[in-house]
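Next come the chains, spelled out residue by residue.
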Amino acid sequence: MIDLLRLIIDIATIYSIFLILASSMELEYGELGIPNFGKVMFFATGAFTVGALAVRLGVFLANIIWRGEFKTKSIYYSTLVTNYFASHPLQAITVFLVTLILAVLFGAILGVIASYPAIRLREDYLAITLIATGELFRVIGRNYEPLVGGTLGVGIPDILAWLPGRTREISFLLLSTSLAIVIWLILLRLSTSPFGRTLRAIRDNEIAADALGKDIVKIRMKVLAIGSAMAAVAGVIYAYYMGTVHADDFSPLKTFLVVLMVVLGGRGNPYGTLVGVGIYIVLDRVLTLLKHYIYLPFDINYFTTFTFGVILILVLMYRPQGILPEKPLLTVRKTEK
Amino acid sequence: MIDLLLDALVYSNLLVLLSISLTLTILTLKVSNFAHGDLAIVGVYGAYTFMVILGISTYFSIPFAFLFGGLYALATYLLVYGPMRRRGANFVMLMIASMAVDISTRSLLHMYADFMKSQLKVYSRGFIFDDISLDITGFKLQGIIFFSSLSVILLLLFLYILLMKTKFGIAMRAAIENPDLAEILGINVEKVYSFSWFLAGGFAGVAGFFLPFRIPTSPDLGFIILLSIFAASILGGVNSLAGAVVGGYIVGFSEILGTYLLSQPPINLNTAYRPAIPFTLLILTLMLMPKGLASLWSKGE
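Line by line, the protein sequences give chains A and B. FYI, in my numbering the residues of the first sequence are 1424 to 1760. FYI, in my numbering the residues of the second sequence are 18 to 318.
Quick caveat, the hints were computed from the structure, so don't treat them as lab data. Note that this is a predicted model, so its numbers are computed, not measured. We put the CB at the ideal spot given by N, CA and C, even for glycine. One or more hints might be untrue.
Heads up, simulated DSSO-like pairs for lysine-lysine below, C-alpha to C-alpha not over 27 Å straight-line [said to hold, decoys possible]:
{"id": "1", "chain 1": "A", "residue 1": "Lys-1677", "chain 2": "B", "residue 2": "Lys-208"}
{"id": "2", "chain 1": "B", "residue 1": "Lys-182", "chain 2": "B", "residue 2": "Lys-208"}
{"id": "3", "chain 1": "B", "residue 1": "Lys-47", "chain 2": "B", "residue 2": "Lys-184"}
{"id": "4", "chain 1": "A", "residue 1": "Lys-1714", "chain 2": "B", "residue 2": "Lys-184"}
{"id": "5", "chain 1": "A", "residue 1": "Lys-1641", "chain 2": "B", "residue 2": "Lys-308"}
{"id": "6", "chain 1": "A", "residue 1": "Lys-1637", "chain 2": "A", "residue 2": "Lys-1677"}
{"id": "7", "chain 1": "A", "residue 1": "Lys-1637", "chain 2": "A", "residue 2": "Lys-1750"}
{"id": "8", "chain 1": "B", "residue 1": "Lys-208", "chain 2": "B", "residue 2": "Lys-184"}
{"id": "9", "chain 1": "B", "residue 1": "Lys-308", "chain 2": "B", "residue 2": "Lys-47"}
{"id": "10", "chain 1": "A", "residue 1": "Lys-1677", "chain 2": "A", "residue 2": "Lys-1714"}
{"id": "11", "chain 1": "A", "residue 1": "Lys-1641", "chain 2": "A", "residue 2": "Lys-1494"}
{"id": "12", "chain 1": "B", "residue 1": "Lys-157", "chain 2": "A", "residue 2": "Lys-1714"}
Simulated coverage check for chain B against chain A, where a stretch passes if three residues somewhere in it have a Cβ under 8 Å from a Cβ of chain A [unchecked claim]:
{"id": "13", "stretch": "113-121"}
{"id": "14", "stretch": "201-212"}
{"id": "15", "stretch": "221-227"}
{"id": "16", "stretch": "288-294"}
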């Protein structure tokens, strides 16, 4: 019974994190047609913000004096801060909110910066540029130790330490799912609004949209800022959920998985995003469970990623519009005159 | 210092082969193939397997690297990119497909590495090849330097003769230049493209064969070097084979020499920042000179 709860919490939290990432990909790629293959960089922005600041802020608030290097001591101090948070809920919430707001801010700023190449380059060059930038980000994270502890990773205090036992996990679940739902609703709202129609117009025919007076540069900048801020939120949740941040976790494979979910679900349809993420999570869990029942001469995780690659190829070949294809635009019903 | 330059030469030779073959695939399908680095690794695993099974000396397994890289590239073309092209997929879809191919290929290689370890009882991850020492008229030379340079020269010569002097090569160029027109003239575009992909995969496989002499090789290495390959190809101007050669040497030398210089006293940067050099070159080229070096000598478009 307890294990089941644990499983549900795990699945739901991972679902929320990927739903946020997929929503931001859907907004940028599905609606506006910018293949932002540096998605993991914005995800990492959120996680790195938490990694670099949560412990330091906690230590500062708890009036503890930091001795030793950041990379070797962060896990030790994060446990001290967690103990401190156990009796100081207000400070814990402050740390969470400050890191969340800063992450959103950093994400949005990076998104605006990313819009500089996004306006100028053809899609594939843009994808390469963004992947390269994301990798650069990861290389810096791995080697510049004061940021997230280099290869050792960084410890993150438990911001819900003041709640008793199980309620802690359930509260975190509520927190992550409600953030995910809010972000998905923002996507839905944007997608069905005049703004969403503008995005599709730009995606389908940039010149026509330009001729109709839409400021393409500004809109792309806006969308990348919103999308990147969303991804940063996912990073924040991920960091607090895992309780640690490792730079090497943020490899381009994460981006590919998010692209897979969006394409699988159906580009240009926010409901497709819900479905795509769901299918991925279910498949991933089922294949992981199979590990206990069948013997294979290799690690099943590789088989799982292999399956995802093949599924993505098959979807691209036979059903490029995805499971839930984009619907015609919602318009006001014509009334009889 | 000489050692460093020779190191840079070996690495650049490798990048030249890879960027040439990447350019070849980009020329045919206009797809930025994100699975390109993996072809090199498929080649090296193929060669490694036969080296172990047949017990042949290292350099004799180069043809296997060519064959495996080529066949794998051909398979991806026939199974994925070709059908998608005929269904009219645009290049973003092809690019996403190549990412999917990359994911699948790397997981396949990982599975194969596990299998190889359990069946052949050899190191299947992080393995290296032992080099031989050549004695050319009293001048000692590592085999890798000689063989990688020789491979580049021979393969480039082969490509040049093929494209410029043979009927098939002319058909290839025609099919690349304008597939529709070539088809009307009776050129079997499908066949020509398939051959181009086989050739590109073969080149990549040979390049991959030289990897384990310098870098411990694992299934993920292909993706790690991918961005250096793209940097070389894009610096050279993407659509230019000559540019790919120049780009390969520039990126290769600046990666090795740059890492060395930056790790020296005034800056003392950790050598782990090495990937930053090709990434920066790549981003700068795209931002400042999107047509690459080829725009310096060709006045097209």
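Against the structure, the hints:
1. Taken as a hint, the Lys-1677 (chain A) and Lys-208 (chain B) pair is broken in the structure, with Cα atoms around 36 Å apart against an allowance of 27 Å.
2. About 19 Å separates the Cα atoms of Lys-182 (chain B) and Lys-208 (chain B), which keeps this hinted pair within 27 Å; it holds.
3. Between Lys-47 (chain B) and Lys-184 (chain B), the direct Cα distance comes to roughly 23 Å. Compliance with the 27 Å bound is thereby established for this hinted pair.
4. Taken as a hint, the Lys-1714 (chain A) and Lys-184 (chain B) pair is broken in the structure, with Cα atoms around 54 Å apart against an allowance of 27 Å.
5. At roughly 26 Å between alpha-carbon atoms, Lys-1641 (chain A) and Lys-308 (chain B) fall within 27 Å of each other, so this suggested pair holds.
6. With a C-alpha separation of about 33 Å, the suggested pair Lys-1637 (chain A) and Lys-1677 (chain A) falls outside the 27 Å cut-off, and the hint is violated.
7. Distance hint between Lys-1637 (chain A) and Lys-1750 (chain A) is fulfilled; the C-alpha atoms sit about 23 Å from each other, no more than 27 Å.
8. Distance check on the hinted pair: Lys-208 (chain B) and Lys-184 (chain B) sit about 14 Å apart at the alpha-carbon level, within 27 Å; holds.
9. Between Lys-308 (chain B) and Lys-47 (chain B), the direct Cα distance comes to roughly 15 Å. Compliance with the 27 Å bound is thereby established for this hinted pair.
10. Using a Cα cut-off of 27 Å, the hinted pair Lys-1677 (chain A) and Lys-1714 (chain A) holds, with the two alpha carbons roughly 22 Å apart.
11. Proximity of Lys-1641 (chain A) to Lys-1494 (chain A) is assessed by CA-CA distance (about 40 Å); at most 27 Å being required, the pair is judged violated.
12. With a C-alpha separation of about 52 Å, the suggested pair Lys-157 (chain B) and Lys-1714 (chain A) falls outside the 27 Å cut-off, and the hint is violated.
13. Only residues whose beta carbon comes within less than 8 Å of a beta carbon in chain A count, and the stretch 113-121 of chain B has 8; three or more means the coverage holds.
14. Here the stretch 201-212 of chain B counts 0 residues with a CB under 8 Å from a CB of chain A, which misses the bar of 3, and the coverage is violated.
15. Note: the stretch 221-227 of chain B has 0 residues with beta-carbon separation from chain A under 8 Å; the three-residue rule is not met and the coverage is violated.
16. Check result for the stretch 288-294 of chain B against chain A: holds, 4 residues qualifying (beta carbon to beta carbon below 8 Å, three or more required).
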